[in-house]
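Chemist: Sequence:
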Amino acid sequence: MVYLIMKNSLKTNLISKLKLINILLIIYGFNLIDIELKAHLRGSYSTESEAKEKAKDLGCSGTFKIKEMWMACESEKDLHKYLRKNK
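Everything in the sequence shown is counted per full-length UniProt numbering, starting at 1 for the first residue and increasing by one.
Worth flagging that the hints you see were computed from the coordinates, not collected in a lab.
Check the hints yourself; a few may be wrong.
Here are the computed lysine-lysine pairs in the DSS-like style, where the Cα-Cα straight-line distance is at most 25 Å [as the list claims (entries may be wrong)]:
| # | residue 1 | residue 2 |
| --- | --- | --- |
| 1 | K77 | K65 |
| 2 | K81 | K67 |
| 3 | K52 | K65 |
| 4 | K77 | K67 |
| 5 | K52 | K67 |
| 6 | K85 | K52 |
| 7 | K85 | K56 |
| 8 | K67 | K56 |
| 9 | K52 | K77 |
| 10 | K77 | K56 |
| 11 | K52 | K81 |
| 12 | K65 | K85 |
| 13 | K56 | K81 |
| 14 | K81 | K65 |
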């Protein structure tokens, strides 16, 4: 009987901890998405010349295109690096 009570208590405790971890992962995941989205909004332009100007402002060079938007810097990796430096 005591064993069953302890087993149920451990199970309940584990489930509540897993729920908390799940919530934290969801929040953290959404924050990562939000950070990348903001970086793209700060580094995307409708023309290549605008993207080149922003690249100069950020301290990087070159541009690249994602779908219909021009992005500053030579690559997405560089863009994120320079945007983090210039917060």
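Chemist: Compare the structure with each hint and give your call.
Modeler: Okay, the hints, checked on the actual structure:
1. At most 25 Å may separate the alpha-carbon atoms for a hinted pair to count; K77 and K65 meet this at roughly 13 Å.
2. Restraint check for K81 and K67: satisfied, since their Cα atoms lie roughly 21 Å apart, inside the 25 Å limit.
3. Distance check on the hinted pair: K52 and K65 sit about 12 Å apart at the alpha-carbon level, within 25 Å; holds.
4. Proximity of K77 to K67 is assessed by CA-CA distance (about 17 Å); at most 25 Å being required, the pair is judged to hold.
5. A hinted pair counts as satisfied when its Cα atoms are at most 25 Å apart, and K52 with K67 qualifies at roughly 17 Å.
6. With a C-alpha separation of about 18 Å, the suggested pairing of K85 with K52 holds against the 25 Å cut-off.
7. Taking the CA atoms of K85 and K56, the gap is about 14 Å. The hint holds against a cut of 25 Å.
8. In summary, the hint linking K67 to K56 is supported, as the alpha carbons are separated by about 22 Å, within the 25 Å threshold.
9. Restraint check for K52 and K77: the C-alpha separation of about 16 Å stays at or below 25 Å, so the hint holds.
10. Restraint check: the Cα-Cα separation between K77 and K56 comes to about 16 Å, which is no more than 25 Å; the hinted pair holds.
11. With a CA separation close to 16 Å, the supplied pair K52 and K81 stays within the 25 Å bound.
12. For the given pair, K65 sits about 22 Å from K85 by alpha-carbon distance, which is consistent with the 25 Å threshold.
13. For a cut-off of 25 Å, the pair hint linking K56 to K81 stands: about 14 Å separates their Cα positions.
14. Taken as a hint, the K81 and K65 pair is honoured in the structure, with Cα atoms around 17 Å apart against an allowance of 25 Å.
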